[in-house]
Structures are given as structure tokens and as C-alpha cells.
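**Q** Sequence lines, in order, name chains A and B.
Following this note's numbering, the numbering of the first sequence begins with 10 at its first residue and continues without gaps.
Following this note's numbering, the numbering of the second sequence begins with 10 at its first residue and continues without gaps.
Any given hint might turn out to be false.
It does not matter which identical chain is used: a pair holds within one copy or between any two.
[As the list claims (entries may be wrong)] Derived pair list, reagent style DSBU-like, types lysine-lysine, alpha-carbon separation capped at 30 Å:
(1) K383 to K295
(2) K295 to K68
(3) K346 to K254
(4) K346 to K329
Please keep in mind that the hints were generated in silico from the structure rather than gathered at the bench.
Take a look at the letters that make up each chain.
Number of protein chains: 2
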Amino acid sequence: MLLCFQWLLMFGVFSVKRGYIMREVAVIGCGMTKFGELWKLSLRDIFVEAALKAIDDAKVDRVASMYVGSMTPGLFVGQEHIGALMADYLGMAHIPAVRIESACCSGGMAFRLGFFEVASGHSDVVLVGGVEKMTDGADVTYALATAADQEYEVYHGVTFPGLYAMIARAHMHAYGTTREQLALVSVKNHHNGSLNPNAQFPGEITVDQVIKATVVADPLTVLDSSPVSDGAACVILASMDVARKMKGQAVKVLGTGAATDTLALHARKDITKLEAVKRSAEAAYKMAGVKPADVSLAEVHDCFSIAEICIIEELGFVDKGKGGPFTEQGHTALTGKIPVNTSGGLKSKGHPVGATGVAQVVEIVEQLRGSAGKRQIENAKIGLTQNMGGSGASSVVHIFSNA
Amino acid sequence: MLLCFQWLLMFGVFSVKRGYIMREVAVIGCGMTKFGELWKLSLRDIFVEAALKAIDDAKVDRVASMYVGSMTPGLFVGQEHIGALMADYLGMAHIPAVRIESACCSGGMAFRLGFFEVASGHSDVVLVGGVEKMTDGADVTYALATAADQEYEVYHGVTFPGLYAMIARAHMHAYGTTREQLALVSVKNHHNGSLNPNAQFPGEITVDQVIKATVVADPLTVLDSSPVSDGAACVILASMDVARKMKGQAVKVLGTGAATDTLALHARKDITKLEAVKRSAEAAYKMAGVKPADVSLAEVHDCFSIAEICIIEELGFVDKGKGGPFTEQGHTALTGKIPVNTSGGLKSKGHPVGATGVAQVVEIVEQLRGSAGKRQIENAKIGLTQNMGGSGASSVVHIFSNA
Chain A
10 MLLCFQWLLM
20 FGVFSVKRGY
30 IMREVAVIGC
40 GMTKFGELWK
50 LSLRDIFVEA
60 ALKAIDDAKV
70 DRVASMYVGS
80 MTPGLFVGQE
90 HIGALMADYL
100 GMAHIPAVRI
110 ESACCSGGMA
120 FRLGFFEVAS
130 GHSDVVLVGG
140 VEKMTDGADV
150 TYALATAADQ
160 EYEVYHGVTF
170 PGLYAMIARA
180 HMHAYGTTRE
190 QLALVSVKNH
200 HNGSLNPNAQ
210 FPGEITVDQV
220 IKATVVADPL
230 TVLDSSPVSD
240 GAACVILASM
250 DVARKMKGQA
260 VKVLGTGAAT
270 DTLALHARKD
280 ITKLEAVKRS
290 AEAAYKMAGV
300 KPADVSLAEV
310 HDCFSIAEIC
320 IIEELGFVDK
330 GKGGPFTEQG
340 HTALTGKIPV
350 NTSGGLKSKG
360 HPVGATGVAQ
370 VVEIVEQLRG
380 SAGKRQIENA
390 KIGLTQNMGG
400 SGASSVVHIF
410 SNA
Chain B
10 MLLCFQWLLM
20 FGVFSVKRGY
30 IMREVAVIGC
40 GMTKFGELWK
50 LSLRDIFVEA
60 ALKAIDDAKV
70 DRVASMYVGS
80 MTPGLFVGQE
90 HIGALMADYL
100 GMAHIPAVRI
110 ESACCSGGMA
120 FRLGFFEVAS
130 GHSDVVLVGG
140 VEKMTDGADV
150 TYALATAADQ
160 EYEVYHGVTF
170 PGLYAMIARA
180 HMHAYGTTRE
190 QLALVSVKNH
200 HNGSLNPNAQ
210 FPGEITVDQV
220 IKATVVADPL
230 TVLDSSPVSD
240 GAACVILASM
250 DVARKMKGQA
260 VKVLGTGAAT
270 DTLALHARKD
280 ITKLEAVKRS
290 AEAAYKMAGV
300 KPADVSLAEV
310 HDCFSIAEIC
320 IIEELGFVDK
330 GKGGPFTEQG
340 HTALTGKIPV
350 NTSGGLKSKG
360 HPVGATGVAQ
370 VVEIVEQLRG
380 SAGKRQIENA
390 KIGLTQNMGG
400 SGASSVVHIF
410 SNA
């Protein structure tokens, strides 16, 4: 039996890990739009732009199916059923296509499910995209709040800035995290974003500007908060036997992990802990056979400055409670020991919610290919993406290496 | 190489068909709520009731992950992010959970993606459910119309009854399908539904009643149309090695097929043809190694009476254009050669849109187990489900047999 498996492994047909029988999967192409207020483009235009870039990059002439991550196109632009719609507008009507929703980690979850389709052996080449059109006049705060618990949170008037502000206050109280440390997350990410041509707000900012900006929910100001954005990002996933033909292009998916937590913040024992992030990371590390110290760089879900601090703790880059000082010491900067959000993150690059998880993968692919331009990390070998939904009720982590 | 594969096949680890390397998957448990106006239950209550029934039926104490099909809980009850929400309310916060949307075939697509996760080898036991809460006061016609093309159809005032009425008129014109033949679809499905304790409208109706009922969009009346419903349905999927321990319970998934078409009706060459249904069926038949003539019974997407007539043609049960006479001759009745919608279908059982695709699987599982009560088909060996989104822009087909 063992010999038999080894024989198949030599042919790269699939890998056997901890009882799994899965084909190996790689990203062979990626593309994204500029993030921002794309008023001249409709939802479908935005997606098609990113999809065509990814298809061109992968040099494929067809894909077997499509996964579209999007949080709430129904509330933003009155359009559901966008799996089929996007296949149609890409000129690919007839291929299977579906939309995936998991609040702000819709894109990351779409990536995970596309991965399963290729890993299962059902399809060799699959397109995974994410898209959101948020600036067309919908009530964005209401639409985003549908990711929180309507019956126990939103009904009482709380929305996401308030939920994250409570997490920030609790973290400051429990661990001594300072207002300046929170601000430094935004300062770092705006610096990185200033090197990214696709970023919505590429301008540098200072700690003083962050602290003195308009308060959204104390202690968080508008400069602790990711913006409202339009945008799309797409990648092409392929089995390793297809990917091997794309020398220098392919980036291997080493692991996927996903987890959930209570939707409502009040149901958690300790709101400074993001249990779903921790568990999704553990699952991905285990599948990848990788430790936090092995990771060269990470894209994480900095929807608010406090989120990045909590997340780098849960990912194991630093001990619980030490995320603030770790950031202050520059360890997560472009030149630090574990660069975080080299793309500019949600804060500076922008956060079209359904697109974010896929855009994170685009950044890691660019970095591992060595094509990230002015923000390139030297010797990037292993990259990680962490995409989150709600106030941490959903999290999905992926780990990548050079193929 | 061949010998090696055969050796693994003997152990039931996976099957090799047409180049696929996939684990075999079975349904080992199922449950659903009664469909109807469930005013005393919220969205989460409804889902949890169906999920607990499926878990009890499967006799499992845990599932590795959850897929929740739902079309637009954001527009119906202001709640997105229901993958994590349902995991939380099931007492399973922390397992991966995601929502799948593909308009009215959200449930069928959720089933397909859950199938891939198990087939890939990543998980052994997965819960797939579908849920919708439509009667809580939302503008149902608007919400459902978000599955059509907003820019090219809905903007001009057309909604689904109008789209299907156009298909009906075209079918009558091209093939001589009669008003009575359309009505007979509803009459048959209400008869079947009268034998189903979970049906929303279990009453028998007559051809005369259908034709003289309130016109919704000529020629379709309210009795040609599926109702607005609340409800949920869940199934437990497992790898065959887990399923084999559930003697008499397990129903094997032989094939899955999905396809799309243009979202807007005007972009199709012939609106009597549902190309996505045809292609999804072809893919599922091919994977299953089954022909239309092998199918013992089918649950199909009779959102309007005309839809069932078109669908049985595309599934290959009868030649194109002959669906009307075929229905009139009783071939799709409980005692006919290919019983269709033994559950009562969407028309009589009800159509909580996201739940429908999973409820179809529940009916096939009950029939193949021989536990369908008064509507049991004798010698049911192979069952098929066909779930559709929009005016045929998405379709997903599954084929099942006794394990």
C-alpha cells in the first residue's frame, strides 16, 4: 500500500498527509483592479477586468468553473446570482459558477472552496475571484452590519466600528496596548500602500494625524479604519501537473484552514481573543507542515488597526498581548522580521469586502514570484493570508510557497 | 499503475473515473422542517431544527464543516454571514462554515461544494443545509428579482412570473403545448404533495381550478406558481468508508453536474431551451455512468408549471417539445414510468428558495431508503435532483443510488 502511494506521489498526482488524499494545487495566475471609488464601472465591469487580467497572466484559454466571493451585492447594488452573471459577462456562460459569502472573508472562503474542487480531482483549472461595489449609494453601514448578529447586536444599535472599539478598549485594558501603537498599524500600512499602484489611499500618514482624525468610535478614528471601496481580484488555481508547465509563475498552496466563532461579541469569554483566527491558523499550519517562524510575510485582515494587533498574536507571530509593542518595534514593517500587509492592507489598499481575501492572495503571489516592485520582500519563501468576517466570527488562512 | 489503482479501489479509498481521482461520497442522514409560513420561528430556529434532525438521523456526534445554501437572507431578514451564525446556533461555533448563493439553486450548489470537500479527502463528515425565511414582511418580488439581470431585465419592470410566462408562450407557440398540459403539472404535484406531511399546500387541485385562478402573468395563474415559503432542509455527507457503517441508511452520490447560461433571457437564441439544465445533466450523467432511462425518479425545479415541462425535456426523459403530452399521458405521475416531483415539488411542498435544492435531496434519500410513506415509488434504484436559479441561468444536477 505504502509503496503504491509513493509510486503515485512520484507522478505528482496527489499528496498524502495525515490521512488526506488530496491533489496538490497551485496559483498560476492573478490579477486585480485598482481599489477605490470606481464610479464609471459597474459591478460586472469591475469583476471582468480582474478576471481577464488573471486569465492572461495564467495563459489559459479556459477554466472549468468559477467561484465568486462577494458579501452582499444584493444590498449594495440590488444584484444577487452573480456567479452566473460573471460567467456570462466573461463570455463563459455555461461553465459552473457560484457565489460564496462569508461576510468580509467571502473572498478567502471562495479561494478555499475552489481549492477543494481542484484538490478533489474534479477539475484541473478553476477561477476564484472576489468583488464588491460599495460606493454606489447604498447604506454601507447598514449593509456591513448584516454581518453582525441582527437580533442581539444590530437591533441595539451597535455596528462594526463600535464592536472593534470595544475590542480595542479591552486590549488596552488587559495588556497596556497604547493609542500610539494602534496608530502605528495604520502608519505602517499607509507607508506600504504608498508603494502599491493599486492602493486606494497610497498617501503616507503620521501617528499624530491618526490620533487627531475624526473619532469613529472611541478610541478608533477614521484613520484606524479601512475605507469603503469598489474593486475586484481574481486568481487561477490549477493542479500541480498543470502548474508545473508554468515555470516561475506558479505558487503552491501548502495549506488551508477555516474556523468560526460566535457571531455576537457578547457570547465570547474574552473579546481580545479571536478564537476563529487561532483555529484557522492552526489548521493551515498543520496541513502545510509550517510553523509561524517559517512564514516570510503575511497579509492579514486589518479592517481596523486593533484587528491587526489581535491577529498577529493569534497567528503566533508574537505572544498574546504583545502585538502593540511588536508593531512599535517595527517587526511587522517591510524591513522587519515578519512583514505584515506589504500591500498596504485593507487600511491603505482599500477594502471592497468580497474582494479582499483574493487580493491578499494576489499580493502573496506577487511577493513569492519576486514581482512586488518597490515593496518586494527579500527572500520571500513562505507567505500567509488571513481573511476575517464580522468581528472575528469567521476566519480563513492560507499558506503558500514557491512551487 | 493500473494494478496499483485497482488495488486502492478494492479498499474503497477512491474511485477513478474518466481521469478523476475522487473519494466516493454518500448521504448518511437527512432532515427538514415543514415548509410554510413559520411565523413563530426565526431564520436561525428554522435552520437548527432541520440540522438537528439530519444529525440525529446520521447518528454522528460531530461534523467537520458546514455549507449553508441561502439566496438572500440579507434582503429577506437583514442577516448575512449565516454560515458562521448557523454553526454558532447549532452549538458548533469553531467549525468552518460558509454560505453558498446561486439564486434558487443555492441549496443544490451548497450540496455540490460539500461533496467536493469530502471527495477531496479533506473531511470525512460534512453538513449541507439550505434555508430561507421569506414571509417576514420583506418585498419578496423585489428580493427574488435580484436573481435576474438588474441592468437589462429588472430595470425595465420584468420579474420572474413575467419571464416564465414568456417561456410558456414561446413553448406553446413552438410545440403546441396546451394550457391544460401546463395545469396538469400543478395538479400532479399537488396530488403528490397531499401525501407529504412536510408540504406547505397539500390540498388536491383540478385543471379547472388552475386555469381559472388569478392570473399572475398570462398564461400563468397563481396555481401555476410555487408559493412564498419559510423552511430548511439538511443532509449529512460522508466518505464511503464512514457511510459503509450506516447499513441501509446511506445513499451514494454517483454524480454532480452544474452549468450556467446567460442571466438575461433576451440573450438566448431559443428561450424554450434551458441550456444550463441540459449541460448540468450531461455532466452528472457522464460522471455517474447513468443514462436518462436508468433514472427511477426525479425531483426537478417546478418554480412555475412550464419549468417542469422544459426541464424533463432537457433531462432527456422525453424529446424536446414533447413535455406537455408526456405529462398529460401520466408518465411523470407517481405510477408513471418516470415519477417527477414525488415530494409535491416546489409547487405544493413549498419553495423557501435556498432550502429547495437540499429538500430535493432529502426526498430522493427517503425514496431510495424506501421510507417515503404513501408516496413511495416501488423499486426506486436511481434518483436525480435538478435545482435551478433565475430563469435557467444556473442549474445543478445530482444523481444518487442505493449505497
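**Q** Against each hint, give a clear statement of whether it holds in the structure.
**A** Quick rundown of the hints versus the structure:
In the homo-oligomer, the alpha carbons of K383 and K295 never lie at most 30 Å apart, since the shortest distance is 32 Å inside one protomer and 50 Å across protomers. With identical chains, the CA atoms of K295 and K68 are at most 30 Å apart between copies only, with a shortest distance of 28 Å across copies and 32 Å within one. Proximity of K346 and K254 under a CA criterion of 30 Å is satisfied in neither setting, with 33 Å inside one chain copy and 50 Å between copies. For the homomeric pair K346 and K329, the shortest alpha-carbon distance inside one copy (18 Å) is at most 30 Å, but the shortest distance between copies (66 Å) is not.
Checked against the numbered hints given earlier, this structure breaks hints 1 and 3; the rest are met.
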